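Peer 1: In the order they appear, the protein sequences are chains X and H.
With the first letter of the first sequence counted as 1, position 32 gets the number 31 in numbering that gives the first Met the number 0; the numbers rise by one all the way through.
With the first letter of the second sequence counted as 1, position 31 gets the number 30 in numbering that gives the first Met the number 0; the numbers rise by one all the way through.
These aren't lab readings, by the way, just hints derived from the structure by calculation.
Mixed in with the good hints, there may be bad ones.
[To be verified] Straight-line distance between alpha carbons at most 30 angstroms, and here's what the computed BS3-like set of lysine-lysine pairs gives:
| # | chain 1 | residue 1 | chain 2 | residue 2 |
| --- | --- | --- | --- | --- |
| 1 | X | Lys184 | X | Lys138 |
| 2 | X | Lys129 | H | Lys13 |
| 3 | X | Lys150 | H | Lys13 |
| 4 | X | Lys33 | H | Lys219 |
| 5 | X | Lys129 | X | Lys199 |
| 6 | X | Lys33 | X | Lys300 |
| 7 | X | Lys199 | X | Lys184 |
| 8 | H | Lys219 | X | Lys150 |
| 9 | X | Lys300 | X | Lys267 |
| 10 | H | Lys13 | X | Lys138 |
| 11 | X | Lys129 | X | Lys150 |
| 12 | H | Lys13 | H | Lys219 |
Just so you know, these numbers come straight off a predicted model, no measurement behind them.
In case you want the letters, here they are:
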Amino acid sequence: MMNDAFEAVAERPAAAPGAADIVIRARGLTKRYKATRALDNAEFEVRTGRIVGLIGPNGAGKTTALKAILGLTDVEGELSVLGMDPRRERPQLMREVCFIADVATLPRWIRVHEAIDFVAGVHPRFDRAKCERFLARTKLHTNQRVREMSKGMIVQLHLAIVMAIDARLLVLDEPTLGLDILYRKQFYQSLLEDYFDENKTILITTHQVEEVENILTDLLFIRDGKIVLGTTMDEMGARFTEVLVGPDQVEAARALHPIDERGAVFGKMIFLFDGADPERLAQLGEAHRPSVSDLFVATMKGTYA
Amino acid sequence: MNAITQSRFAWLLKREYWEERRGFLWAQVIAVGVIIGITILGIIAGEVFRARVGGSGNINMGMNLSELLRNGMAHNMVDVVKSLDMTMLLFGVVSAVVLFFVVFFYLLGALYDDRRDRSILFWKSLPLSDTSTVVSKVVAAIVIAPLIAVVVVLAGYICAQIVMSLWFLAHGVNPFGLLWVHADPFSVWLHLLAMVPVNAVWALPTVGWLLFWSAAVRSKPFLWAVVIPIVAGVLNFWIGLLGLPNIPTQFFWSNLVGRALLSVIPGTWMAPDAQRIGVHFMDSGDFARISYSSMAHAFTLPGMWIGAVVGIALIAAAIWFRRWRDEV
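Kindly generate the complete structure, drawing on both the sequences and the hints.
Peer 2: Here it is, written out as structure tokens:
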């Protein structure tokens, strides 16, 4: 019931941006496997210069959506990435798109200098000097093989290669899974400091929402193959409010149709409101902007039930 | 643009070489090295034996080795040249056996191993078409690996000659007149080199068959690729046993099962009756099968061209699987 509210909102068309501004446009994206639909009429748009989190529980269709964007799988529906159709123009598209699909997809036999030589040989937008500068900050040496590296070092190498490619779209699929906290922090730090700018777009899937919360500019929540919420972080702050309500005000809060409620300490309750009048909410208790993870949990309630 | 495409393809080939250096190069070097090692062991054994027997004098030997080499070899130059030819051929045969095993397993893993370890996701993140990727693996298997093998054979032969020369010199025999002036073994080597394109076209059905299963299956490409033809062969034989219409057993094994699995063995196109086909290279029966006319004859066999067409179709299917098989 609460999710119905989200779907209704999600179907509301976003403010139409200029067409040149759009990096990814998907309409009616559907992917059927034998019994299930990994994508079910998914619709979304991603604009230039944004860092977009594609967030959903396991099996919601995140990876299928990314594979469709990267032209790794065939899907039904309308899909355009940088003006190209990934199903037909994959090799051309990959000049402008980079991706890191979870950790440790670099071939284990390759040496650092071989990986760099190869990418320099086949990728027209790769800047070798830049890559070597990034590598100089790490402990990797050029003759080292991937199989001799820790997971964290493999990601450092992969990131150095990818950041040296002047691509317009970077797709990250669970890029920090299994890394320790130092490498994870460093990973996103490097992306923000040395890579991201207004001409680039980053699309990230992860279920470690807390980790990316502070760097995202846009959110796409995916559930059962559908995009159930598409918003910028700014819009989200304006639209959703979380209020910590004392026991005496609980009934008054419920009367305002919160989309979620959960218990807090001392008999207080936390209510999540969508589009309620801020002044009215301020009377109920302490109001603040919900975290992405709390919004996520509220949206996805019942997924595994 | 064309130059870029060409250089990209060269990088793809280089990548295959980097990944498969052990099989393509070092396995060959080791095989050839073992032959040379055995030669050296034989020389040492001979010397030790001679020292023991001849320690008290040369009477029992009848003739000492230096004389044997000097007189005997000079008198039987035809036999010397033939044995040098055979040495080159021995290197070629050993190298071909190694090449078969290396290429067979390379092809089975070529489109499977990177799906298993997920590194396909890295390769697919680069602006390379699946067609060029698969074709680079075909070229690595039937051009690059055999050329490396042929070069190693030549190097091995030269090393063996150097070892022999040192042995001759130790006995005060000048090796140049005996070993180095004969162009014949190098002519044998040129034949090995000329066989590379013949082997390459002949290998296509096996290359296609192995790459097809490598790209298509979720696991265990070896079982699929090997068990299916063998079970089919046995079934065909059994149907024949029952007296039902079947494909002639001999034909089935050699033209279907054999071409699917064993055509990557160098020289399997050689006709068993090569000597009757006409020999333009050497009159010796041992070498008729690798004569240039025998190679030319291979291209007149319908089996060569039917196999090539089937092989190319299977490679095209492998490219399709490489493109669209989305689970890794």
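Peer 1: State for each hint whether it applies.
Peer 2: Hint check:
With a C-alpha separation of about 17 angstroms, the suggested pair Lys184/X and Lys138/X falls inside the 30 angstroms cut-off, and the hint holds. Between Lys129/X and Lys13/H the CA atoms are separated by roughly 23 angstroms; this keeps the pair inside 30 angstroms, and the hint holds. A hinted pair counts as satisfied when its Cα atoms are at most 30 angstroms apart, and Lys150/X with Lys13/H qualifies at roughly 26 angstroms. Between Lys33/X and Lys219/H the alpha-carbon distance is near 23 angstroms, which keeps this suggested pair within the 30 angstroms criterion.
A C-alpha spacing of about 17 angstroms is found between Lys129/X and Lys199/X, which places the hinted pair at or below 30 angstroms, so the restraint holds. Under the criterion of a C-alpha separation no larger than 30 angstroms, the hint pairing Lys33/X with Lys300/X is consistent with the structure, at around 26 angstroms. Taking the CA atoms of Lys199/X and Lys184/X, the gap is about 21 angstroms. The hint holds against a cut of 30 angstroms. Between Lys219/H and Lys150/X the alpha-carbon distance is near 27 angstroms, which keeps this suggested pair within the 30 angstroms criterion.
Restraint check for Lys300/X and Lys267/X: the C-alpha separation of about 21 angstroms stays at or below 30 angstroms, so the hint holds. Straight-line distance between C-alpha atoms of Lys13/H and Lys138/X comes to about 27 angstroms, which keeps the hinted pair within the 30 angstroms bound. A threshold of 30 angstroms between alpha carbons decides the hint, and for Lys129/X with Lys150/X the separation of about 22 angstroms falls inside it, so the pair holds. Taking the CA atoms of Lys13/H and Lys219/H, the gap is near 27 angstroms; set against the 30 angstroms cutoff, the hint holds.
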